[in-house]
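K.L.:
Work out the full structure: start from the sequences and follow the hints.
Protein sequences appear in the order of chains D and E. Residues are numbered in my numbering as their position in the first sequence, beginning at 1, plus a constant of 976. Residues are numbered in my numbering as their position in the second sequence, beginning at 1, plus a constant of 66.
The reader is advised that the hints may include incorrect statements.
What the hints assert, rightly or not - Straight line, CA to CA, 35 Å or less: simulated DSBU-like cross-link-like pairs of lysine-lysine:
hint: 1; chain 1: D; residue 1: K993; chain 2: E; residue 2: K275
hint: 2; chain 1: D; residue 1: K1123; chain 2: E; residue 2: K275
hint: 3; chain 1: D; residue 1: K1217; chain 2: E; residue 2: K275
hint: 4; chain 1: D; residue 1: K1097; chain 2: E; residue 2: K275
What the hints assert, rightly or not - Which chain D residues stay away from chain E? Per the calculated CB distances, all over 10 Å, these:
hint: 5; residue: A987
hint: 6; residue: S1029
hint: 7; residue: D1077
hint: 8; residue: L1111
If you're looking for bench data, these hints aren't it; they were derived computationally from the structure. Where is the CB? At the ideal position from N, CA and C, for every residue including glycine.
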Amino acid sequence: MTATNRDKATAPVLELKSIHKAFGGVVAVEDFSLDLHAGEIVALVGDNGAGKSTLVKMISGVHAPTSGSISLDGEAVSFADASVARAHGIEVVYQDLALADQQPVYMNMFLGRETVRGPLKLLDRKAMMRETQALVDELDVRIPSAKAVIRDLSGGQRQGVAIARATHWAKKLILLDEPTAALGVAETAKVEDIVRTLRARNIAILIISHSLDQVFRLSDRICVLRRGVQIGVRETARTDKNEIVSMITGVG
Amino acid sequence: MDWLRSARHTFDLQQYVVYLGFLAIFLFFAVTLSDDGFLTTRNLSNIVLQTAPATIMAIGFVFVLSAGEIDLSFGSIVAVSALSGAVVMQDYPMVAGIAAGLGIGLAIGWFNGFLVAYLRLPSFLVTLATLGLFAGVARSMTDLRSIPVTNDAFTGFFGSGALFGIPSLILWTIGAVIVGHVIYRETRFGAHVIATGDNAAAAQVSGIKVPRIRLAVMMISGGCAGLAGLLYAGRLQAARYTLGESDLMTVIAAVIVGGTALNGGKGSIIGALVGSLLMGMLNNGLILMGLSVSDQMIVRGLIILIAVAISLRDPGR
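P.N.:
Right, here's the structure in full:
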């Protein structure tokens, strides 16, 4: 599956070349390179403090790399801030769920990008509700209604909403930062189903996860980081947990 | 069962408590004070006229609270704005007085907002300080003297005048509520204010310029307080440093009773209007009942306590 995608003569959706990031004198990431193709799920694994979140923040425009280049569809880009990355079709699903709890699902779906109508540019709630409903139906996120308030939803439903939002706006790439860290078994399975749906829609996905079981269930390739150093990239089908664990820990 | 679930979730006591409370207190006074003239058109319209400035302040306060901030200084802004307008109108025409009153309100709001939004000082402390600061400014501006407002156009426009038989203070109230409600409920700005108060981090990563929202709500509060100051000056035909001083409790109570959450993310302009009318009605009724000033304060304090208790009893948690 991975092979067919990569055989296409198209530029990778995301291309990181020799990314280096230091905060003051502390090196967070050094010499990191990775290609990410449409319809491919790459897992980013490593211990706490390995630099995974820093990488995600560079790709999403929160931090700028100290050196190295980021290319989207073969074009070098530099993001002044997160909104520029978003404009390029990159969406992030944060582990702490960036949802406004007291607002309905549809307002969260359009948070910061509300649909307006008419010369007075008033909110078009009906249109937002309609689109939200269509999207949650398509992704099979089971929520009572688009009008349901986030606070009344379960953790899995909330994460479903967060992913549905990313899906709605992402044109190319979704970054998932531990999307199931706070979820139970059934809810995790549900979120994983949604992630597979995204792959079928030909979106490139970079997922950070601490669960190796999940990484092996979902990913096409696995990229291992240790203390900011890229240890290696493996095709999921051609490696096993033992190898990945020893790459993460540096033991064995 | 879906409908049952959503019905349970959409029924929110906090949303209706103000209307039920308004109705209950209205009926109570209507029965007990029927011989004291509570129900006369004159008395009822007086209630609306007297609450006009508080209602305007309440509208600004809804924006501030919804964004997760607080403004304790609006009472002082009312006095400084009213005095500025009155002083300017001693020598210049009405327009200059209006500009001075509103401009001062917006400027103080900007000052509060700058400290809150860009220096990230807690709004509670910032506005507690500016409450005292501008109360002092109001006193020193005119050496505690009150300034008469003799500009007839102004007193008509902001006070005693009427259009098609509707008193101008009522028109100001209606106008401000409509504009406030539409901005709050129907615009992207309103949605961003609410989102900022609900989850500032989520708002930020969603591309909402959170500091700008914080600055804006403090300026809205200052501007509303400035307008309230002009309404006071118009109605009383004078400005004095005491204007707005006693409104802090009333306005906070009106807004909280009206269903605006103290910690942001949820609010209602219409609720604030009804809350403000409720407070005005309460004042009026307690006076008609012949309660002493101290008893009035006790009853009002108790009502506010109940309101806050209901507001903070969050059914979702």
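K.L.:
Of the numbered hints stated previously, which ones are contradicted by the structure, given in increasing order?
P.N.:
Violated hints: 3, 7; rest satisfied.
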